[in-house]
Structures are given as structure tokens and as C-alpha cells.
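> What follows is the residue order along each chain.
Number of protein chains: 2
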Amino acid sequence: MGKYVRTFGEIPGCPEGWKPPSGKRSEVRLAGLHAHDIAGISGTAHEGADAIVLNGGYPDDRDYGPVIVYTGHGGQDPKTKKQVADQNLDDSGNAGLVKSKLDGLPVRVIRGFGEKSSHAPTDGYRYDGLYRVVRHWFKTRDDGFRVCQFLMVKIGSPYDVSDPDYSDDIVIDDASAIPHVPAEPASRTKITVNKINRRADVVKEVKSLHTNRCQICGDTVELPNGPSSEAAHIQAVGIPHNGPDVIGNVLCLCPNDHTRFDNGALYLTDDLKVVNALTGADIGSLRTHPNHKIEIEYVRYHRACWVKEP
Amino acid sequence: MGKYVRTFGEIPGCPEGWKPPSGKRSEVRLAGLHAHDIAGISGTAHEGADAIVLNGGYPDDRDYGPVIVYTGHGGQDPKTKKQVADQNLDDSGNAGLVKSKLDGLPVRVIRGFGEKSSHAPTDGYRYDGLYRVVRHWFKTRDDGFRVCQFLMVKIGSPYDVSDPDYSDDIVIDDASAIPHVPAEPASRTKITVNKINRRADVVKEVKSLHTNRCQICGDTVELPNGPSSEAAHIQAVGIPHNGPDVIGNVLCLCPNDHTRFDNGALYLTDDLKVVNALTGADIGSLRTHPNHKIEIEYVRYHRACWVKEP
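Going down the list, the sequences are from chains D and P. For the first sequence, counting from 1, position 67 maps to 67 in UniProt numbering; every step adds exactly one. For the second sequence, counting from 1, position 128 maps to 128 in UniProt numbering; every step adds exactly one.
A few of these clues could be false.
Treat identical chains as interchangeable: a pair holds within one or across any two.
EDC-like mimics (lysine to aspartate or glutamate), calculated; alpha carbons at most 20 angstroms apart, straight line [unchecked claim]:
1. 139 x 309
2. 308 x 86
3. 79 x 245
Since the hints were made in silico from the structure, they are not lab data.
Could you put the whole structure together from the sequences, leaning on the hints where they help?
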């Protein structure tokens with residue numbers, strides 16, 4: 001048995017709908033889809049989570065198909081499976097799912113026969129595609145124990161929106177709490193999935209090189225599970241700018257400086273000084289890293305969007 | 001002729017596809033769709049822009065149907081229509097579109113027969129639905145003059161995403177620069193439009209009461225067109241939290257504190273003290289406004305998501 005190589009996104013040879021021919025969970029691991037044979041979450045605090053298994057292990061799970069409320073790992077008695085302690089973010093699986101949320105990493109969802117839901121396979125296991133973690137929180141159960149929960153939406157589905165507040169697109173039809181699922185636009189699915197897989201690598205690399213420290217102000221936004229930051233394109237991607245999604249076109253910024261940079265309140269000179277566009281003041285040098293080369297053509301493109309030069 | 005009442009969103013009696021029976025622009029104004037008979041943008045810096053007309057006035061416009069690159073107002077000689085000066089954000093129409101972008105206000109798009117595009121009507125004017133402004137920038141034209149431009153996407157279309165970087169969903173098929181437009185999911189359109197109209201009022205009111213000052217740190221993020229902030233729900237909307245979209249459930253925060261609040265790094269006590277969840281330290285009182293009553297039930301819901309209480 002080889003070492004599990006953590007990969008984010010699709011695994012070649014295992015398209016959506018793939019089932020292990022033997023029906024065994026270990027074959028899911030050997031295919032490279034999930035690191036473990038028992039634990040639900042495949043991931044670490046540092047790398048993020050690349051996959052989860054839904055197999056009926058936690059009664060607080062809710063499976064609506066393209067939308068899942070997933071319960072984290074921990075606090076169960078291994079023999080009786082009863083909750084005997086609180087869950088927390090020290091658990092590497094739970095911390096991994098938070099990391100995947102913050103970095104926008106795609107998470108493979110595998111459903112097993114043990115799940116009591118109309119979306120589960122009747123036997124064995126099935127790979128059901130890529131999901132995004134849009135929100136997490138803690139819930140106090142009726143027995144008083146706390147569990148960590150994650151709202152996950154299928155990438156490319158109508159619920160796949162970057163602002164978690166927009167999860168109210170999901171309409172609960174009746175008291176049985178089954179959300180209304182509009183028909184999915186097939187052509188959009190493919191486009192979105194391709195995009196996410198591409199961006200995730202760049203985002204991860206830039207944030208990691210700068211350990212989530214803002215390249216403009218030097219601060220990090222500290223969260224309970226560690227520091228966080230945003231990956232900001234210099235020359236915007238998408239029409240009409242069509243900037244490339246490469247590390248030389250991305251900065252690691254705090255959310256406030258990301259807003260300032262995207263709205264022209266800050267720009268960069270050719271020698272990477274940061275200028276306050278409102279006052280014209282040079283407010284210091286961009287923090288750089290030797291392995292993060294910023295391409296000057298993107299800096300010039302961004303500046304031309306906000307400053308008239310002779 | 002009555003005074004124009006600026007209204008954001010749909011106008012009763014003027015559904016998408018509505019055309020003025022007389023074919024005249026003045027009837028568009030009288031119907032309450034747009035404030036002016038000549039200017040392209042209906043809006044002010046303070047209120048935001050509620051509507052635009054696309055009628056071929058600026059050669060830098062690009063109309064892809066659900067996606068529009070719209071050129072701002074100003075700098076043209078009124079007689080020759082030639083560009084003779086730079087555009088800027090002192091213009092109330094341009095500043096209004098930036099305000100609509102920052103506050104998420106829906107903008108009515110009206111196309112006129114003067115537009116040279118397959119999406120324009122052959123005669124008169126037509127109301128073509130609600131769009132969102134996702135990005136703005138300045139472009140230097142070949143003649144050296146600067147124009148302000150706005151990327152707008154139709155609400156409910158596959159391009160309607162809150163993160164402007166995701167505008168790369170738009171695939172340019174060929175050199176004619178016509179983007180590929182996947183079929184739109186009809187059922188989703190309605191849901192999204194209802195949601196946006198609802199949120200826009202709450203967002204506008206909260207930001208206005210606090211003049212974009214963060215209720216936690218007291219800072220504002222200053223942009224070239226004025227201060228900016230984010231409207232943050234206390235009890236999250238959408239499943240499974242289902243918090244209401246009302247002013248008593250919304251805070252005016254800077255992007256950094258919004259990230260901290262949504263990830264449990266900060267929470268509020270019943271007497272509206274702000275607590276740093278990482279250290280347990282009371283870091284001061286929430287800044288309040290007499291006309292912004294925060295409902296304590298939402299504060300308690302948010303706190304229960306992040307703190308275990310006895």
C-alpha cells in the first residue's frame with residue numbers, strides 16, 4: 001500500500017458517480033479519493049481537507065443532495081458511537097474543513113450505504129463530485145454536547161455562491177425540510193469546476209508563502225483556527241481585463257486592503273511601493289517573498305485602471 | 001409632471017420586456033424607470049444609481065446580453081458627441097454606479113434603438129431587467145482620454161456572482177468577442193431577484209446610519225468615491241441558521257471585522273460588549289446608533305455558534 005497523496009479536486013479515473021468495484025471503503029482510499037478507512041474527514045489543519053465520507057455516523061448530518069450540513073469529527077465513544085464529549089477545532093479533520101473553507105479548496109464528497117438519505121447509494125460507496133465549504137459553526141445538541149458543523153454546496157450547482165449569505169437561495173418546500181432544488185444548468189457545471197481547481201493551487205501557494213500576512217499592512221486576521229488572508233488578483237481575471245490566474249498576478253492581502261486595492265484606493269509603483277491614491281502618499285514597500293515573483297506588467301495594468309500617467 | 005422618485009428594483013406595472021407604447025424616452029421616465037431624458041445614468045453619489053440606458057452613446061460600451069461593459073458619463077462635447085475630456089467620479093452618475101456596486105443595489109437596464117448590438121430593440125426602448133455592478137475601473141482610450149467603465153451582470157443569470165473574480169465564468173467563444181451564454185435556469189432567476197431587492201434596503205439603511213464606520217473598530221475603509229463598509233448578518237441568513245434579513249440582525253462592519261465576526265473570532269455579550277474569542281478579552285463596546293436597535297436574540301444565536309455557555 002502506497003502513501004496517500006493528498007490531491008484537491010478530481011482524481012483521474014474516478015469521475016463523478018464512480019463506485020469501488022469491490023464495494024469496500026479501503027478501495028476508496030487506494031483510488032486516492034480519501035485518506036482513511038474509518039474517519040469521515042480526509043484532511044489536516046495545515047493542508048486543508050480534500051474529501052469527506054457521509055455514511056450515517058453522525059445523527060446531526062443533513063443531506064439535501066447539492067447542499068449538505070456535515071457534522072465534524074470527534075467526541076464519540078468508539079464502541080457505542082454515542083457522543084460523550086464536545087468537538088473542537090483541535091481535531092485535524094475539523095480544522096482541515098475550516099482551512100478548505102477559507103482557501104476555497106474543493107472537497108470530494110463520498111456517500112456510503114450507511115447513510116439514511118435518499119441521496120445515498122443502496123450498497124457500497126459512491127463518489128458524488130466536488131463541494132465547497134461555505135460556512136462553519138458550533139451547535140449545542142439536546143444532550144448538551146457541542147458539535148462542529150459545515151454547510152457544503154456542490155460546485156456548479158445553483159447553490160454554489162461565494163457569499164455564504166446567499167445560501168438562502170435554498171428554499172425549504174415544506175415541514176419535511178427538503179429544499180427545493182431547481183434544475184441545474186449542465187453547461188455551467190463544467191466551467192465552474194475547472195475554474196475552482198485552477199484557482200485553489202494559486203490561492204494556497206500565495207497564502208502559504210506569506211503565512212497569511214498582508215503584503216500591504218503586514219497584519220494578519222487571526223481566527224480561532226489560525227491566521228487568515230485573501231488572495232487578490234492584481235490584473236483582474238474575467239472580462240474585460242482577462243488577467244491570468246497565476247502566482248505572479250496575485251497578492252496576499254487582508255480583506256480591508258483587498259477592498260482598497262480592488263477599488264483603486266491603493267496602487268503599486270514599478271518598484272513595488274504602495275501608494276495611497278487619495279493622498280498620493282507613498283505608504284511603504286510591498287512585503288515580498290523570494291519565491292513569489294510579482295510580474296510588473298500586471299502591476300502596470302492595475303495602475304492604469306486607477307491613475308492617469310503622462 | 002411629478003417629481004421622479006428614485007426606486008431600486010422592479011417597478012410595478014413595468015415587467016421585464018416592457019416598452020413605452022409611444023416609443024419615447026420621456027415615457028420611460030414617467031413610468032418611474034429612469035430619472036432623465038438624455039443622460040445615460042439615473043443616480044447620485046449619495047443614493048446610488050437605480051437605472052441606466054444603453055443607447056449607443058459611447059463607443060467603448062460592450063453589450064453581451066447578460067453581461068455589459070458600460071461606459072460612464074461625461075467628457076463629451078454636447079454637440080459633436082466627441083470625447084474632449086476625461087471622465088471622473090465627481091460626476092454624480094458615475095459615483096452613483098460605484099455606490100450601487102458597493103451597496104449591492106440592483107440597477108435597471110433599459111436598451112434603446114440607438115445601440116448597435118443584437119441585444120437592442122429595433123425601435124423605441126425596452127426595459128431589460130435588473131443588473132448588478134460587479135466591478136469598475138478607468139480605461140485610457142486611443143485618443144488619450146480616460147473613461148470610467150462598469151462591468152454589469154444580469155441578476156439571476158449564470159454570471160450573477162458576488163465575487164467579481166468569478167466573472168471568468170464568461171467564455172469568449174471567438175475573435176468576435178461574443179461570450180458563450182449557457183441556458184439560464186428560470187426558477188433561479190425569480191429567487192435571486194426577490195432576495196436582492198430585499199437585502200438592498202437593509203444594507204443601505206445600516207451603512208447610512210453608521211456612515212460606513214465599523215461598529216467594532218470604529219474605522220472606515222476610505223475609497224476614492226467615499227467611505228465603504230460591509231453589512232454583516234448577526235444570525236446568518238440561509239440554511240440551517242435562517243436568520244431574518246432585518247436591520248436588527250445586521251451590523252455595519254469593516255471587511256476585516258466581518259471576517260472575524262463570521263468565523264467566531266469576535267462575539268457580543270448581551271450588553272453589546274465585543275469579546276475577542278481567542279483571548280477572552282473584552283475589547284470595548286459595540287458602537288450603536290439610536291435608530292439601529294440590535295435584537296438580542298440574534299446576538300445570542302451568534303454567540304451560541306462560537307462559545308459554550310453554562
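> All the hints need checking, so say for each whether the structure fits it.
Status of the hints after comparison with the structure:
{"no.": "1", "hint": "139 x 309", "result": "between (54 angstroms within a copy, 12 angstroms between copies)"}
{"no.": "2", "hint": "308 x 86", "result": "between (57 angstroms within a copy, 10 angstroms between copies)"}
{"no.": "3", "hint": "79 x 245", "result": "neither (48 angstroms within a copy, 44 angstroms between copies)"}
Hint violations for this structure: number 3 only, all remaining hints satisfied.
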